[in-house]
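Based on the hints, put chain B in the right spot on chain A.
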Amino acid sequence: MIDKIYKIGLPLVIVSLAALLLILDPVTYDFPSCLIREYAGIYCPGCGSQRAVHALLNGHFKSAFNYNPLIYFGLVIILYNTSILSINRFSKETFKNILNRPYTPVVVAAMIILFGILRNIPVEPFSFLAPH
Amino acid sequence: MSDVRPKNWLVESILVTIFCCLPFGIAAIVNSANVNSRFDTGDIEGAKNASAAAGKWTKIGFFVGLVLMIVYFIFYAIVGVSLMNDMGGF
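Chains as they are written, first to last, in the working numbering: chain A, 1 to 132; chain B, 133 to 222.
One chain only, chain A, in its complex shape (with noise of 0.2 Å):
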């Protein structure tokens, strides 16, 4: 039952988050604001995420890439999942899932911690990772 609900629900919700954002535009229209921007004052690295998917679904990816790179590197992490899933699946080969391996989420956590910090510092070149 839950499950079944998660199925449907999940892409629902999914979805209309993404029509939202399609439409509205979060630099003019009043989105919520991170908490941790909003309290702390420091970019953290999901800041700018809600207006580099607004400016990517609108097809402005060097916008979107602007505002947040790293939903770039989600969007390829979930390419890669997909297709590797899937190949297995409907193959007959076992490709070994690189988000397997014991170090790569520590590779990743550390990754993204890093770019938050460096985002945070006001001087060239750093400065270009902040969202703008």
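Do not take every clue at face value.
The calculated SDA-like cross-link candidates involving lysine to any residue, where the alpha carbons are at most 20 Å apart (straight line), are [claimed, not checked]:
| no. | chain 1 | residue 1 | chain 2 | residue 2 |
| --- | --- | --- | --- | --- |
| 1 | A | 62 | A | 24 |
| 2 | B | 139 | A | 86 |
| 3 | B | 139 | A | 85 |
| 4 | B | 191 | A | 3 |
| 5 | B | 180 | A | 97 |
| 6 | A | 4 | B | 209 |
| 7 | A | 92 | B | 137 |
Derived by calculation from the structure, the hints in this document are not laboratory data.
Same frame as chain A, but now just chain B:
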């Protein structure tokens, strides 16, 4: 080693970290690291526990983000409507 590798939630937890809530996302990623290393050393039970924990943090992150967004929109709708009323309506 015929056991099925438990879901490590890595993709989902990365997405939660990027799109929603850093602390919950990182907690989930740490647990997904545990899923991988424990399963590889043959600790199936431990891997299952880590998988459950990773899933828990991913879901908490997702729902916290969702609820915050909904609450914010309701709040904004109410404030917006009352502002319009103050200004004499349409």
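Note to self: Tell me if the straight-line CA distance from residue 191 of chain B to residue 3 of chain A falls inside 20 Å.
What the structure shows: Satisfied, since the Cα-Cα distance of roughly 13 Å is no more than 20 Å.
Note to self: Checking one constraint from the list: CA of residue 180 of chain B to CA of residue 97 of chain A, max 20 Å. Satisfied?
What the structure shows: holds (18 Å)
Note to self: With the threshold set at 20 Å, check whether the alpha-carbon distance from residue 92 of chain A to residue 137 of chain B stays at or below it.
What the structure shows: With a Cα-Cα distance of about 18 Å, the restraint between residue 92 of chain A and residue 137 of chain B holds, given a limit of 20 Å.
Check: Does the alpha-carbon distance linking residue 62 of chain A and residue 24 of chain A stay inside the 20 Å limit?
Finding: Judged against 20 Å, a Cα distance of about 19 Å means the pair holds.
Margin query: Just to be careful, I want the Cα atoms of residue 4 of chain A and residue 209 of chain B compared with a cutoff of 20 Å; is the pair within it?
Written below: The given pair, whose Cα atoms are some 31 Å apart, is violated under the 20 Å limit.
Note to self: For a C-alpha distance cap of 20 Å, please report whether residue 139 of chain B and residue 86 of chain A respect it.
What the structure shows: Roughly 16 Å between the alpha carbons, so the hint for residue 139 of chain B and residue 86 of chain A holds.
Margin query: With the threshold set at 20 Å, check whether the alpha-carbon distance from residue 139 of chain B to residue 85 of chain A stays at or below it.
Written below: holds (12 Å)
Hint violations for this structure: number 6 only, all remaining hints satisfied.
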